[in-house]
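Residue numbers (the working numbering), protein chains in the order written: chain A, 17 to 332; chain B, 17 to 332; chain C, 57 to 342; chain D, 57 to 342.
Be aware that a few hints might be false.
Below, a sample of chain C positions facing chain B; criterion: calculated Cβ distance under 8 Å [what the hints assert, rightly or not]:
#1 62
#2 64
#3 158
#4 237
#5 300
#6 303
#7 313
#8 314
Which bits of chain B does chain C cover? Going by a derived footprint, with three or more residues having C-beta under 8 Å, they are [stated by the list, open to error]:
#9 129-141
#10 268-275
Calculated directly from the structure, the hints in this document are not laboratory data.
For glycine and all other residues, C-beta sits at the position ideal for the given N, C-alpha and C.
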Amino acid sequence: MKTGPDLTVNLGSCVLKNPVLAASGTFGYGSEYGRFVDLSDFGGIVTKTLTPEPWPGNPPPRAAETAAGMLNSIGLQNVGVDAFVRDKMPYLREIDTALIVNVGGGPVEEFVRVTERLADCEGIDALEINMSCPNVSGGMDFSTDPRRAAGLVTALRTITDLPIVAKLTPNVTDIAQIARSVEDAGADAISAINTLRGMAVDIRTRRPLLGAVTGGLSGPAIKPVAMAAVYRIARQVDIPVIGIGGIMSGEDAVEFLVAGATAVQVGTASFVEPGAGASVAQEMADWCAASDVQSVRDLIGSIQIPPQEDAPCHPS
Amino acid sequence: MKTGPDLTVNLGSCVLKNPVLAASGTFGYGSEYGRFVDLSDFGGIVTKTLTPEPWPGNPPPRAAETAAGMLNSIGLQNVGVDAFVRDKMPYLREIDTALIVNVGGGPVEEFVRVTERLADCEGIDALEINMSCPNVSGGMDFSTDPRRAAGLVTALRTITDLPIVAKLTPNVTDIAQIARSVEDAGADAISAINTLRGMAVDIRTRRPLLGAVTGGLSGPAIKPVAMAAVYRIARQVDIPVIGIGGIMSGEDAVEFLVAGATAVQVGTASFVEPGAGASVAQEMADWCAASDVQSVRDLIGSIQIPPQEDAPCHPS
Amino acid sequence: MSTIPICQSDAEILSNREIGPGLFWIDLLAPDITRHALPGHFVHLVVSDVSEDSSRQVWLRHTPLLRRPFSIAERDPDNGIFGLIYRIVGGGTEILATRRSGERVDVLGPLGRALEPLQSGRPAIMVAGGVGVAPFLSLAQETVRDGRARPEEMTVLFGAATAGLLSGEEKFRKLGLHVKLATDDGSTGYHGLVTSLLERELDRSPDGCAYLYACGPTPMMRRCQEIARDEGIAGQVSLEGIMPCGVGVCMACVVPCVEPGDRLSPHRYERVCDTGPVFDMQEVVL
Amino acid sequence: MSTIPICQSDAEILSNREIGPGLFWIDLLAPDITRHALPGHFVHLVVSDVSEDSSRQVWLRHTPLLRRPFSIAERDPDNGIFGLIYRIVGGGTEILATRRSGERVDVLGPLGRALEPLQSGRPAIMVAGGVGVAPFLSLAQETVRDGRARPEEMTVLFGAATAGLLSGEEKFRKLGLHVKLATDDGSTGYHGLVTSLLERELDRSPDGCAYLYACGPTPMMRRCQEIARDEGIAGQVSLEGIMPCGVGVCMACVVPCVEPGDRLSPHRYERVCDTGPVFDMQEVVL
Ligand SMILES: Cc1cc2nc3c(=O)[nH]c(=O)nc-3n(C[C@H](O)[C@H](O)[C@H](O)COP(=O)(O)OP(=O)(O)OC[C@H]3O[C@@H](n4cnc5c(N)ncnc54)[C@H](O)[C@@H]3O)c2cc1C
Ligand SMILES: Cc1cc2nc3c(=O)[nH]c(=O)nc-3n(C[C@H](O)[C@H](O)[C@H](O)COP(=O)(O)OP(=O)(O)OC[C@H]3O[C@@H](n4cnc5c(N)ncnc54)[C@H](O)[C@@H]3O)c2cc1C
Ligand SMILES: Cc1cc2nc3c(=O)[nH]c(=O)nc-3n(C[C@H](O)[C@H](O)[C@H](O)COP(=O)(O)O)c2cc1C
Ligand SMILES: Cc1cc2nc3c(=O)[nH]c(=O)nc-3n(C[C@H](O)[C@H](O)[C@H](O)COP(=O)(O)O)c2cc1C
Ligand code: FES
Ligand code: FES
């Protein structure tokens, strides 16, 4: 990273050298891309969602390309928290970048188990809670109900001092309401958004392109949806918001900061450009330099809302 | 249209010569494109949402292009129902295609006024209710709350014998729940989806690209989201579902039918290809012919769900 | 809604060449569109270059998704050819610049409301900023062709960032018009804004302008409005706007307008693609 | 996770030519990748052709979005060149086919697990369906180059829909391998499925095959599994899978696997890109 604009931002007590993190589920456990990408240029890494036990995930096929995006239905296949701490942490601990570990599970107890297991593990800078895991029994989703979302954060708040980042799903009527409730419950930051519910069908075979029928849409296609979510959340909470969705370039990242994000995550972009976490940060730095912006923090929420002639009335 | 597969489908009592309609707000009042496109090849036309009085709409800019999609914040600018009946119906009545008039408004009373004014107007085959107009006073949206949605349909059901098509927004936690409630209230069909909430920012000026700040995302980008909505709704209601979202080709349309739609609407596609309503229908016919499908009705809901090895568990 | 017949044409590219830094001229063969086009009309182009039958995924053919609007800059009705002048500003124009002669582009046109024709005895000034020159190239050409007005009755004030972007000025000269140039960097002509050049012109020959046309960046046109208002000169502006449909159906391209002669009347939104792109000089709120 | 070093290379296209109907061969200059590649390895390509610095909208550069995986079909380590054989099946390969020599593509590789090397004294049959021939072209070439096994110990059974799609077979012959062809339409070689050809071969010379490789459409590989199981022949299959990342991070490309020797053991999901694409013949559930 060249010297230049100040790129540091804070997520609660966690300081990032630049605002660009690799998103959960799109960067494995760091070591895979670490074979050929310099991870110390990343603002941070968020690891794949962990469950208490190793989890097999959904039946394949698990991905399909769509217009400017992709669908996935991985189903949280992961090594489980024990193997993570044993096999993955030694590598991750050595990387000179912020490490955010993503925590998942079915019922609250599972989140608690993962969090407890990580509590005494050195080298973790924050926990991101994947609130969009449907409860295996009830099929309910923590981040679709403000009370359940708050309950989950409250349960974890008591057992860890690490910053808690609540990761929200966009598949709700009012994402800002969920954000407010997790803020009240003690979350230190909000990540938005997880994938949009989507599906695709192979008309030749008449079968869904995903083994799990529906899946999550990510990539540039969803960027406008993510932007609107971040904007709405940032205006309603005081904690930092991490913008996620379709970010491919430094200009995309700047757009999220202007709309209210403090940091961003690149997900699908890493598949296209494994070094996206670094190149997006570098492009942000270049853009700031060219635009006379001394610190990326000056961008956060700097959106100019024009005075409204008429109240905006209808979406279409 | 060449002879070939049977393309007719029924929406309640309304028979369509083929399953492809032009979507509301993307085809004006028919006459604009009618200057150079043969509208009789369309399955039908849905006109721009009407309000009781002429409506000015939102401040410009009102559109922005995004990855495989576009944002709009038109804000329902329309001529009002009286001018519609007086100036637009004479033209529309003469076209040999189904005419669905889209009804909007703020409070229920406004929907009622528009519907009453259309009740004695000859040549209309069905009404589509744009349930996604936020109530001007409360900012609430009929199709985000099952009880309000049902209440609106109930109110209109008593004043018209025309088939009522309820058009739903995807910006909700559970679109199928809304669909069930409007079915129970007497809707004859469901249209899904309206646009996704989205936004974009010009980082140079730091201003939103839309005058109304946020707007609606449409185009190929949202097709997977629309597909998932149609699939979920079709499995939970008995009335026909009209699939809308990112349809550009006959194969896209077939995909929606396979997932459960009885008909489709092309929106943004018409901007690119004004004759999309006809060409998508022709491509469907060609596809059916090449695939030995005698009637498009055989496609409806013909999706093959593979037996699940494991229950699908998590979206990502 | 204009009564000019609109055509959708699979036009052949006859040539597509760089005429200045990032500035291109494209000639398209589309007799139906050419036949009916008038100065001020525009066309709506599909710029994506993946051919029709190519990919299975239709959305690949539609990247970028929307059509791009361009003003008709020249017309050769005998041969069914019209020309456009365009500047690369983003992905769409970038792709357009890679298209080769012999390839085809889908064109919708002619669209919009035409410019008010020139009248003999009513000397006019056209203020053009950058590619805003396009409609005036048409206007000058057609006026001279028709003999509606004499070339000496037309003055073009043409401004751009730098000399290389003033491509097209030679066409005006060839037609016999007065041409004055302005550049932001002073590389040729007047060093400064084309609107300052306009003020100077009006000062010098107060009777030299009975009608004012303007097309270019919004600040330029806003200043032209002020000058026209102060000087009591009638005229027209030709606007741009984000245009998903280009034919008046989507209501996206609107501009706030006031009642003629009443700047304080409540705004109404008019479609640039259909009521415009040409508006009465004082009608639009810029 | 393989220990072969992965490189990301801005590879130059040296040639890209049609070698059969809708079938292409592309040679890429990428010394780092070429150096370490083994038979069975694949590369992950960005096919989109809009250049880096071109458009302001980054998503235009990324259409289609994801990389495309292709098996390495040939390697010229002295010159740092490797070759791929690919068939146009959709938008991505369509765009790849339009790329010209001199242009560059972003390549990630070598990726995946390599094929089990041939051993002298263990005659092997390679069953290839269509472009599934690619890894076997590499395997044959490297084996002959290394002298690990004699060409006569290798038989290639190569099937495709029609004769024109059997491009590559001449390379096997040149290396001295036994080659037998099968076409669905009988236009050349055996008229029928390549797996029927395999059965016939095994019938004719029961000792001619101590190891079986298969790569091609899933039904073909499934049948090869059955035949290998029935005949008690060891071997490997090389699979495809939808590969967003190609390097083992996303968990999208998985295939259900069983424990070695226990077909009824509970399935576990293994990544095709990382644990595979080469699997033990009986390990994967197809
Ligand atoms: C009536 C009319 C006539 C025009 N005539 C000309 C002309 O003769 N020569 C010329 O060079 N340009 C002209 N323009 C502007 C031209 O349409 C844009 O420069 C072009 O659309 C930019 O496309 P892009 O993909 O390169 O840019 P991007 O910025 O990548 O485009 C993104 C989106 O914004 C739209 N857009 C961007 N800039 C403009 C703009 N200035 N006006 C309208 N839409 C815009 C694009 O159409 C596209 O939908 C005209 C515009 C209008 C409305
Ligand atoms: C390890 C591996 C090696 C391969 N080697 C070769 C080879 O040597 N020669 C060759 O012609 N093909 C090979 N393939 C298949 C090749 O990757 C696909 O044909 C190609 O990705 C199709 O892209 P498309 O855009 O043209 O097709 P589309 O169908 O438009 O692609 C849509 C999406 O599906 C994916 N996809 C489609 N078909 C396949 C497939 N069969 N396998 C994996 N992903 C697919 C694409 O990558 C893309 O993400 C290989 C695949 C894998 C996994
Ligand atoms: C293949 C894939 C796997 C993912 N897995 C996870 C996961 O395990 N946990 C999680 O919180 N989000 C997961 N996500 C969501 C991403 O972290 C991110 O929120 C989303 O992809 C939107 O960002 P993008 O458009 O940049 O990809 C996954 C996304 C993809 C594409
Ligand atoms: C410019 C524009 C205006 C629209 N106006 C309306 C409207 O007035 N009423 C309505 O019900 N839907 C309206 N829509 C939504 C479309 O009818 C359709 O539901 C949506 O665009 C998704 O379809 P598409 O992806 O094919 O465009 C509008 C969409 C666009 C793009
Ligand atoms: S561009 Fe659609 S109304 Fe003008
Ligand atoms: S493609 Fe991502 S794990 Fe295999």
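Hint-by-hint comparison with the structure:
no. : hint    : in the structure
1   : 62      : 5 Å, holds
2   : 64      : 6 Å, holds
3   : 158     : 23 Å, violated
4   : 237     : 28 Å, violated
5   : 300     : 5 Å, holds
6   : 303     : 5 Å, holds
7   : 313     : 11 Å, violated
8   : 314     : 13 Å, violated
9   : 129-141 : violated (count 0)
10  : 268-275 : violated (count 1)
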